[in-house]
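**Q** Order-wise, the sequence lines are chains X and V.
According to the numbering used here, the first sequence is numbered sequentially starting from 385.
According to the numbering used here, the second sequence is numbered sequentially starting from 29.
Below, simulated PhoX-like cross-link-like pairs (lysine-lysine); rule was C-alpha separation at most 20 Å, straight line: (1) Lys474/X / Lys448/X; (2) Lys181/V / Lys195/V; (3) Lys448/X / Lys444/V; (4) Lys108/V / Lys121/V; (5) Lys444/V / Lys420/X; (6) Lys482/X / Lys446/X; (7) Lys64/V / Lys166/V; (8) Lys410/V / Lys309/V; (9) Lys352/V / Lys309/V; (10) Lys134/V / Lys108/V; (11) Lys446/X / Lys444/V; (12) Lys444/V / Lys440/X.
Among chain X residues calculated to face chain V with C-beta under 8 Å, some are: (13) Leu439; (14) Lys440; (15) Gln443; (16) Lys446; (17) Ala447; (18) Arg450.
Hints are computed from structural coordinates only; laboratory data are not their basis.
Ideal placement from N, C-alpha and C gives every residue a C-beta, glycine not left out.
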Amino acid sequence: MLNILIIGAGQCGNRILDSINNKAFGGGRFSKYYSKQKFPSRVETIAVNTAINDLKEMQYTKAKDRLHIPHLHGVGANRIIGKQCFIDNKDLIMRTIKERGDFDVAFVITSSSGGTGSSFSPPLIEELKNTYDFPVYGVVILPFREEGTIYLQNTAFCLKEMHNSGVDGIILGDNQFLKYAGTDIQSAYDGINSMVAERILFLLEALDSEMMMVTDLGDFKTVMSGGAGIATIGFAKGDGTNSIKSIIQQSLSPNGLLFSSNIYEEGSRAMIILRGDRKYLNIDDISSQIDKLSSHIGHVFKGVIIRNGEIPKILSVVTLETTVELDNLYTLAVEAIQMEKEKHDRMALEKETGAAFSKIDGLEPQY
Amino acid sequence: MKTYHIVKCGLILIFILILSTGTASAFNIYDEEIYKGDGYQINNYFIEVFNIISHEDSRLLTINMYQLKSDGTYEELDVKRETNVNNKLTKHKYQSDIVEIIVMEKNCTSTYATVDITTSGIKVVYNQPVKGGLSSAKFIGEPSLLLTKEVDKTNVEIGDTIRVTIKAKNVGSGPAKGITIDHGITPGFTFKSAIYTTYPEELAAGNPDYTQMYIYEMEAAQSGTVTLTPAIATYYCSTYDSEYSSNSNSPVVTVAQEAVETSVLELTVTPHKTELQRGNKVTFTVSLRNIKDIPATTVRLDMIYPYNLTYESGCEDIKIIDNKPVIQKSIYEARYEDEYDYTFLANEVGIYNITAKVSYNDGANNIINETTSDMIYVTEGKYDFLKEYPLYVYIIPIIIIAAIAGWIFWRRNQFKM
Ligand SMILES: Nc1nc2c(ncn2[C@@H]2O[C@H](COP(=O)(O)OP(=O)(O)OP(=O)(O)O)[C@@H](O)[C@H]2O)c(=O)[nH]1
Ligand SMILES: [Mg+2]
Chain X
385 MLNILIIGAG QCGNRILDSI NNKAFGGGRF SKYYSKQKFP SRVETIAVNT
435 AINDLKEMQY TKAKDRLHIP HLHGVGANRI IGKQCFIDNK DLIMRTIKER
485 GDFDVAFVIT SSSGGTGSSF SPPLIEELKN TYDFPVYGVV ILPFREEGTI
535 YLQNTAFCLK EMHNSGVDGI ILGDNQFLKY AGTDIQSAYD GINSMVAERI
585 LFLLEALDSE MMMVTDLGDF KTVMSGGAGI ATIGFAKGDG TNSIKSIIQQ
635 SLSPNGLLFS SNIYEEGSRA MIILRGDRKY LNIDDISSQI DKLSSHIGHV
685 FKGVIIRNGE IPKILSVVTL ETTVELDNLY TLAVEAIQME KEKHDRMALE
735 KETGAAFSKI DGLEPQY
Chain V
29 MKTYHIVKCG LILIFILILS TGTASAFNIY DEEIYKGDGY QINNYFIEVF
79 NIISHEDSRL LTINMYQLKS DGTYEELDVK RETNVNNKLT KHKYQSDIVE
129 IIVMEKNCTS TYATVDITTS GIKVVYNQPV KGGLSSAKFI GEPSLLLTKE
179 VDKTNVEIGD TIRVTIKAKN VGSGPAKGIT IDHGITPGFT FKSAIYTTYP
229 EELAAGNPDY TQMYIYEMEA AQSGTVTLTP AIATYYCSTY DSEYSSNSNS
279 PVVTVAQEAV ETSVLELTVT PHKTELQRGN KVTFTVSLRN IKDIPATTVR
329 LDMIYPYNLT YESGCEDIKI IDNKPVIQKS IYEARYEDEY DYTFLANEVG
379 IYNITAKVSY NDGANNIINE TTSDMIYVTE GKYDFLKEYP LYVYIIPIII
429 IAAIAGWIFW RRNQFKM
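Use the sequences and the hints to build the structure in full.
**A** Here's what the structure looks like:
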């Protein structure tokens, strides 16, 4: 049995963590009163935030698993303040993690664009890597593009810093790409969180499960170490009539992925986990489909989890060599940074000259 | 005692003899007018004016005398007649060895004679002029007294007084004369007083009723079954110069040993209410009274009650012995009275009573006295239907609900910041 640590940082990370805990109880609003969490492994979850209200909002994560870093109500998307705040509270955070015992793998979930999560996560991962041996993966949610220049610039720096932190891989989710998950912002968040949570739980099962065709943490590490260290997760569910082939394809299509990517073009390594009743899991079909994928990208690990009577579900973890979408994002980010800089300079200049006020220099009011 | 009795009887006899001899020599009748054909009877001697024969100025009187017999016949007696030549009056005389009857003519008309009758040797018990002569004379027979002795009670204790009544009835054919009653002294009884002594000396034959003769009271002095000494009536009849006596019956009286004075404890038990609901309490008051002048000892008061009642509490005299309320007192003073409260819990629906039982020594014996209260009616309580089910039926759901509530509360706190 694996020992798994999941940290949710910032509001976005907290919420996704809460969704994971909710699903581990079996889902549903009151499941925590009558159900036990069904993690396949020993899972410790820790929510970290500077905003106590965000922590209080959580419902399925035990209070003892919520770590408040006292800093008023968030860091207001300011990563400079956020980073300083992490440094100030690093010992508390690391001590809290240490108390939870030894781990085989850790996941840090955060948004890339906020203040707290995006600024805590890179140094936290760095700290974990320095302290422990186990692999640490980032699960990073990208912002809606229209959310503004600060969020874009934060994303750009966050991803870069995280990449340089020694992380063993970054799994991307994209609000922009997944916004169809809800009709309004709140339901979209809930839908996206639920999707991410479902995939992570599936992944945990794949890492720590009696599988017919084994994949394990080692395989996952190998997959994640491929490519540019950027990965995403796909998921698809059969309806009992569609073929396993089409389900696999679906999991790799934009419908199944968390981040916009042409897997066959951009993919580097993949891990496909199939779960369901044996009757749906035709080995030949699976093999042919996996072969097709591997012929395009490279190595593909596959695992099969037999669940009697269950319709087939498929999880695909794919690392990307290149990503057009991320390039586009960075292009936007650069524009955003320049815009911010220009705005900053202009404001500085206006501050210096006094702009409007300078127009009445030397004039006296006349009555 | 017996000798004394005989002597006494003898003395009475002698006295009666003296009395009768005196009377026998002195019976005379003077100037008795007897019509022709009529007569005069003295005891069973009958003197008849048989005939008066008139001749010019002179009259010749003939008087006959008869001895009447018990069988209704008679015997004509040999009468000697002597007529005085001077006055022409006739003397009639009957003479036997003992008896002498002289009828002296004093005057005579054509229809009646006036005579003097003198007798000797007769103890006269009956003398009467008789209309119609010999054919109307009646034999005067022997008296026979039936004597009864009655007592007013036959079961007494020593020291008790009994009243004895002696009655007599003459069932003979002749009058009983000179009756004396000896009431009969009974050993074991002490004569106290004579209540009635004025009995008649004479009882005529033929009266169907008893005549009260003697009433007296005596006190029982000895225990045992005593047969009273019969009363004796002594009497005589002049016709036959003999003594008679009759004995009464002998009532039997049982005399018990005089009772020792003892104490008596009286007991009542009263419920304060007779209707109540199950689960409620009811108090019983036991009142215990010594109604005698002697204290009772080793008094113990127990309550006998059904298992559906549970003793709850009571007055301070009560001690719990073997799970039961008991009051014990070494002495319960004479005329002492007290009340004791017992409170019971009614466990079951039903009709019950309780019994108070007092045991004590009354000075002579160990006595047990019990009394039972009125019925009390225990009905279903308001929430009694709840008791129909065993406790766990209520407890278990409550425990479960409490556990669930506790769990939810605890769980909620686990997830609350
Ligand atoms: N998918 C998803 N995205 C979220 C959610 N909440 C916030 N975000 C996104 O996260 C970004 C904002 O970051 P947050 O996590 O809210 O910020 P933070 O880390 O709490 O930092 P501060 O609040 O600035 O201290 C925005 O791009 C949001 O669109 C959520 O519940 N689900
Ligand atoms: Mg926040």
